[in-house]
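Use these hints to put chain S onto chain A, whose structure you have.
For reference, the chains in residue letters:
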Amino acid sequence: MSTFLFELKEGLLISLRAIRANKVRAILTTIGIVIGITSVVLMSTAIKGIDNAFQTGVSSLGSDNLYIDKWEWFNNDIPFWELRNRKNLELSDYEKYKELAKLPLAVAPTVWTNQTVKYKERTVESILIQGTNQDYIGTTNLTFDEGRFFNELESNGGRQICVIGFEIAKNLFPRGNAINQDIKIRGQKFKVIGVLSEQGSWVMGNFNPDRQVFMPIGNVFKYFQSQSFRSITINVKAQNSLIVEDTKEEAIGIMRRIRGLKYNEKNDFSINQQEGLLTTINQTVGVIQIAGLFITSLSLFVGAVGIMNIMFVSVKERTKEIGIRKAIGAKRRSILGQFITESAIICLLGGLVGLILAVLLSMVVNQFLPTTVQADTVIMAIVISLLTGVISGFAPAYTASKLDPVEALRYE
Amino acid sequence: MNIIYIEHIAKIYQVGSEEVHALADVSLNIDKGEYVAIMGPSGSGKSTLMNVLGCLDTPTKGIYNFKNVNVSQMNDNELATIRNKEIGFVFQTFNLLPRSDALHNVELPLIYAGIPSSERKERARLALDHVGLSDRTHHKPNELSGGQRQRVAIARALVTNPSIILADEPTGNLDTKTGEDIMALFNEISDQGNTIILVTHEEYIAEHAARIIRLRDGLIEKDENVTKRFIPKKNGTSKL
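Chains as they are written, first to last, in the working numbering: chain A, 1 to 412; chain S, 1001 to 1240.
Just chain A, same shape as in the assembly:
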């Protein structure tokens, strides 16, 4: 062990001398590794950022939420025609379910439509209008910047009121004061009674609550589409995540009863949950990850080949030196160690510079996609650059260690 440490220390000193003697070459060689490490670190940081954005986005669906729907949201196993032929879910189904279900914390019907929302000369397009009732807020974790959600009376009475998402409020009312203003949707006026706080689920696109308008479900049927036209969704919130599965089983049972299905008939409805989306997202992020890291590791590979190339040149150039060292007693192991250490140091320095560059660049990326270089990425980068050095230095070092001292001494 102590001989190993001794040789490591002496190897390091010898390598540092050699690198110092060839500064320009070392710097030029390092650039390949710098670029490689920078891109690998930046890519893995960006992928983490994307993944985080997805996870935050998905969390707006709620981990203990179930969505009873005609459609299967995330799973493509059931053929489209079968889904299409299912009976629509109607408000009456919701009422029966609500009456029979014991486990849920809250249940609310929802129906949606895409509309343009206006306030005076300001317009926001393709906004998801969610029609629902007073119980909806209980099925979500939504919080308010101002105002409140509509109550049972307002919901049943079909008052022309609404709650708007953070982004809509920002666009339509840049100076604030949205409460009690009338926004226009398809010529109908709706009074804003609440503004939601920001959810940041931008990856969800139109399903991001920041870009939604909520109003009593009756208004949607009355002004935008007939009840028979579109199936509703029943939002169910379980009491806690431990009994989500039980709640789901109960929901399946109740829905089968409501639909009057025989034991050998398949469900003609779907119970959707966050998990399904998570699976899809994890697959997508997985693909991005593999593709991204593959492409960036190509640049690292190019850098490694550069190091290997220059180490071969260096060995050739220093044949005489190797001969001298061998003549005065350097073993093969010492020569092998010397050149591997040299290439490892060059790569490590490159890796560190690359890391610093990546941290700086990630600050720029952070403006578009929330990202930070994390500790495990830093460790990964250091380990990878060291490994690159050892691997790409091995072949040249091995060549050097095998040189015949007589031949090497004669080399000019």
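Take the hints with a grain of salt, since some may be wrong.
Straight line, CA to CA, 30 Å or less: simulated DSBU-like cross-link-like pairs of lysine-lysine [said to hold, decoys possible]: (1) A/Lys9 <-> S/Lys1140; (2) A/Lys402 <-> S/Lys1140; (3) A/Lys262 <-> A/Lys248.
Simulated from the structure, these hints should not be mistaken for laboratory data.
Just chain S, lined up with the frame of chain A:
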């Protein structure tokens, strides 16, 4: 006591389809404290003999015992250890590491012997002092004259206290005057009881030694003691 015992050694190279007998059949003994010159024209096999004696190369046939240990079949690493501990090399072209100062060059064999840094520096300084270069420790080879470079190389050869010093044409790249100084230094080293093997093709250099072995065509032509040995005058550069 025998340091070197060689019996019927041959070194055969394969050049194309032809076999070249660089050494055909050589037997010799060298005792501790001897000062031997190996002479011969080019192609006589003296370089090959030197490589074999210096454990840089192994013979194709025959036995080579170094201090009663058979080294003729040793592998690279074992030979490296022998070279490191037992043999000090002095070359015609000095063979110093160009980017390292005198001290580091002299230290080098001690690094491979696994000696810790402080002791290394101490011994390297002493060795440089021996050859009269204590004021040049931090000069790089290109800042030193030819004679000074060869002195650094001699210090490097001496620093491990080897059993033999093997000098291959040590004055070949030096002018006559400097060459004389170096030969004087070898004389002093020999007087200290060191064993020296000098390879040269010049008669007047060989005559510094006590015994001359003449090679021709890979065979020993003559092995004789020098009757009129040339003793150079001490010039005072060294502190031996």
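Hint numbers the structure violates, sorted upward? none
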